[in-house]
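Put together the whole structure using the sequences plus the hints.
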Amino acid sequence: MSENLAVSRPVSRWKPQRKLSQWSERIVYCLFGAFALLSIATTAGIIASLIVEAIEFFKVVPFTQFLFDREWTPLFANPQYGVFVLIFATLMTATIALSVAIPLGILSAIYLSEYAPPRLRRWLKPALEILAGIPSVVHGYFALIFVTPILQALIPGVEVFNALSAGLVMGIAILPLVASLSEDAIFAVPQSLRQGAYALGTTRREAIQNVVLPGALSGIVGACILGMARAVGETMIVTIAAGQNPRPINPDLSFLDPRISVQTMTSFIVQVSQGDAPVNSIEYKTIFAVGMTLFTLTLLLNICSFWFVNRFREKYE
Amino acid sequence: MTQIEPQNLLQDRTADSPQFQANLPERYRADRLFQAAALLAVLIALAVLVMLLGDVLITGWPRLFTDFPDFLTSFPSRRAAQAGILSPLVGTIWLLVLTALFAIPTGVGAGIFLEEFAANTRLAQLIEINIGNLAAVPSIIYGLLALQVFVRWMEPITGGRSVLAGGLTLALLVLPIIIVATREALRAVPSSIRQAGFALGTTRWQVVRDHVLPIALPGILTGTILALSRAIGETAPLITIGALTFIAFLPPLSPLIEGLRSPFTVLPIQTYNWISRPQPEFQNNAAAAIIVLITVLLLMNATAIYLRNRTQQIRND
Amino acid sequence: MSLTAPIVDTETVLSVENLSVYYGNFLALKDVNLSIPQHYVTAFIGSSGCGKSTLLRCLNRMNELIFGSRVLGKINYRGTDLYAPTVDPVDVRRQIGMVFQKPNPFPKSIYENIAYPIRINGYQGDVEELVEQSLRDAALWDEVKDKLKQNALSLSGGQQQRLCIARALAIEPDLLLMDEPCSALDPISTARIEELIQQLSQQYTIVIVTHNMQQASRVSQMTAFFNTTSDEAGSGHGYLAEYGSTEQIFSDPAQDVTRDYVSGRVG
Chain A
1 MSENLAVSRP VSRWKPQRKL SQWSERIVYC LFGAFALLSI ATTAGIIASL IVEAIEFFKV
61 VPFTQFLFDR EWTPLFANPQ YGVFVLIFAT LMTATIALSV AIPLGILSAI YLSEYAPPRL
121 RRWLKPALEI LAGIPSVVHG YFALIFVTPI LQALIPGVEV FNALSAGLVM GIAILPLVAS
181 LSEDAIFAVP QSLRQGAYAL GTTRREAIQN VVLPGALSGI VGACILGMAR AVGETMIVTI
241 AAGQNPRPIN PDLSFLDPRI SVQTMTSFIV QVSQGDAPVN SIEYKTIFAV GMTLFTLTLL
301 LNICSFWFVN RFREKYE
Chain B
1001 MTQIEPQNLL QDRTADSPQF QANLPERYRA DRLFQAAALL AVLIALAVLV MLLGDVLITG
1061 WPRLFTDFPD FLTSFPSRRA AQAGILSPLV GTIWLLVLTA LFAIPTGVGA GIFLEEFAAN
1121 TRLAQLIEIN IGNLAAVPSI IYGLLALQVF VRWMEPITGG RSVLAGGLTL ALLVLPIIIV
1181 ATREALRAVP SSIRQAGFAL GTTRWQVVRD HVLPIALPGI LTGTILALSR AIGETAPLIT
1241 IGALTFIAFL PPLSPLIEGL RSPFTVLPIQ TYNWISRPQP EFQNNAAAAI IVLITVLLLM
1301 NATAIYLRNR TQQIRND
Chain Z
2001 MSLTAPIVDT ETVLSVENLS VYYGNFLALK DVNLSIPQHY VTAFIGSSGC GKSTLLRCLN
2061 RMNELIFGSR VLGKINYRGT DLYAPTVDPV DVRRQIGMVF QKPNPFPKSI YENIAYPIRI
2121 NGYQGDVEEL VEQSLRDAAL WDEVKDKLKQ NALSLSGGQQ QRLCIARALA IEPDLLLMDE
2181 PCSALDPIST ARIEELIQQL SQQYTIVIVT HNMQQASRVS QMTAFFNTTS DEAGSGHGYL
2241 AEYGSTEQIF SDPAQDVTRD YVSGRVG
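Each protein sequence line maps, in turn, to chains A, B and Z. Sequential numbering from 1 applies to the first sequence in the working numbering. Sequential numbering from 1001 applies to the second sequence in the working numbering. Sequential numbering from 2001 applies to the third sequence in the working numbering.
Be a bit skeptical, because a hint or two may be false.
[What the hints assert, rightly or not] Facing chain A, a subset of chain Z residues (Cβ under 8 Å, in silico):
#1 Leu-2065
#2 Phe-2100
#3 Tyr-2116
The set of hints was computed from the structure by calculation and includes no laboratory data. All C-beta atoms in this analysis are idealised placements derived from N, C-alpha and C, irrespective of residue type, glycine included.
What follows is the structure, encoded as structure tokens:
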């Protein structure tokens, strides 16, 4: 195969540098292959570094205590490690965020793909992308300085740091993600199906609700689950606007009050990181145990989304 | 009942089939409601964007421009009126350059490998799933990985909580985005171009380098700029690797290794620090810093969107 | 010159008067006049780009969904101007059904594909009965009666197309438009659909666009031949060259272009 065919020609006016190009081919292949493997190494690195420290943590704190303690006070003299305090707070802010992001995101996607005239669409899409590109620290500022005072004026009992404001603004922050992924799914529904519906005497809304949305359902649900993963892992908005107040799990469910300050998994990690915890201290190990929990949760959500999209995707030819 | 003609049209047929009662007026009312809801969703998203930008501008503008350009050329200070963003601004530029240096060659290389050299192989599929997962991993988890690997294990090289560690962290964070953008840009290049190249007796790498990459370049560039703008807005992973908030010096450019190993701060972290202060003067500083941050991001985003629209137009012609 | 329809002893369902269609500034079809007789199969033939599909799409206002299309002239449907501002396209399409070039079943169950238009149009009778009737009418019932809950996309191409026909029949259209319904199918499926069209013509009025002249001669009673002007290079527009009974068009066409086309010398 590597015979130099040009040599067998009678007049050798062709002198391609086959050796050189073969070598560069091989080098490029190996180098770029190594770069590609870097992404696998990242995943492996994340899992390894989380597990190594989490194991250290569980040598000190029994796993049952981590799961069943009612309070989260790792920085106190008499520490308790009930991680569900943080998980509930995380799920609460994420739920508030999703109740904003899912309806608004899907409706925006429908407007953009089905109703907006092309010229308007050319302005709306970049505007949504700008909204998507705003750093979360700015959203946090907006929640604390702008939204919270409004909420305090409207609802009695809203604290300066509260889960509601953080959740609402987080919803706006993940809206563009839900909208653009849903729009991709809606766009993938073939035009022939819309025409089929119109030819049967449906109105535009009926075509959208009964044909387009069901056709795009798997993608839209996938988008919502990814939005959930993003909300669970969001850090700066909750750190800035929801405060650092781990609420003990009480039977009266007062820890689910969105008007008061809470502490999510991510804002706990920030709190400890800022305090410059010495390596090998129990605080240092705690953030890896919490990180491990957070990673597992987002991974599960991601697998859900992946499974859902593949399981229910319609294959149009 | 005001629509006379449609009724007539229907009546022609009612003699044949009395069993269909299409009830169009009611269905149209639902249509209008639905369209209005979809439009409203988009308007809410845009209104929030306008309020956010408006609030930041009103609060931050006076601080930014009263002693212009003092705010840009002063170090952070305990006194709000004298504090500036020199060190965070320079830190952001350092990280931007380092992230680009690390992430662009590796990301584009990995993208080329997956799309051109190993397309449809088992390895490529595995990496694709893996990249999908990485995209959903919260950025703070990358921070924990970096804390363990770049700050602790690689301390002899990186010098611990340094500019270099920060650049590596952000590069790892945006690597999946650049890989995906590269692959999409390469996929859009028609395969006839590759076949034309191969038919002339060139190696795969020569075809990619000379024919495919030039066509895909604008697409790759767009994705890369968007990825980098994501990187400079990030706060959480840099907090976990211990970026400081009070830096009164700049990393030296020579010797370079000294600069790479200096401690650092960046705009989002300085902003976060000011937001967490109770005094309103610091809030104004935060808003002014956000104006600078968002201006940089908007410029980058606008470039990316412009590049993309231009290539789309060329393709449509 | 038989540019207008020959007198037929049946009611006219739809008549087209001086119809021209533009896409942006491009004139796709110019000055068409013809009328569609009830309970006949009318075939539109002609080479690609002559505007026959465009005309078909005008007949139930589907062309409005194409961005930038404009219609001049008049289409009379049983005494109503289809393009009058008060006429609702949704209502038009409910009366004038359409089957497309490529089968486009909804990604739902076979049953749902038929039941959907029935429900959405407010049918007052027994839905299940009408679904079965429609599937029988489309000669599909025996093949699918045991798997009504299955996804429609699991059917073969020919079955999918018959399902689309059943779906169109379900709402009892006055007129059925078919846009090259067999062009994506194999010969056996094509034969079955042609047979079906012949059966349906006893009950329905059908307009079919086809590239296949044998098909036109087999299934239709009336044929309209469309041609393209070729005076200027590339910018020609489509027009109706000749319209008459299928027998006359194929055996004794009045125009040379028609003769050339049907005898296979062109196209």
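The hints, checked one at a time:
1. Leu-2065: With a minimum Cβ separation of about 7 Å from chain A (threshold 8 Å), the hint on Leu-2065/Z holds.
2. Phe-2100: holds (6 Å)
3. Tyr-2116: holds (6 Å)
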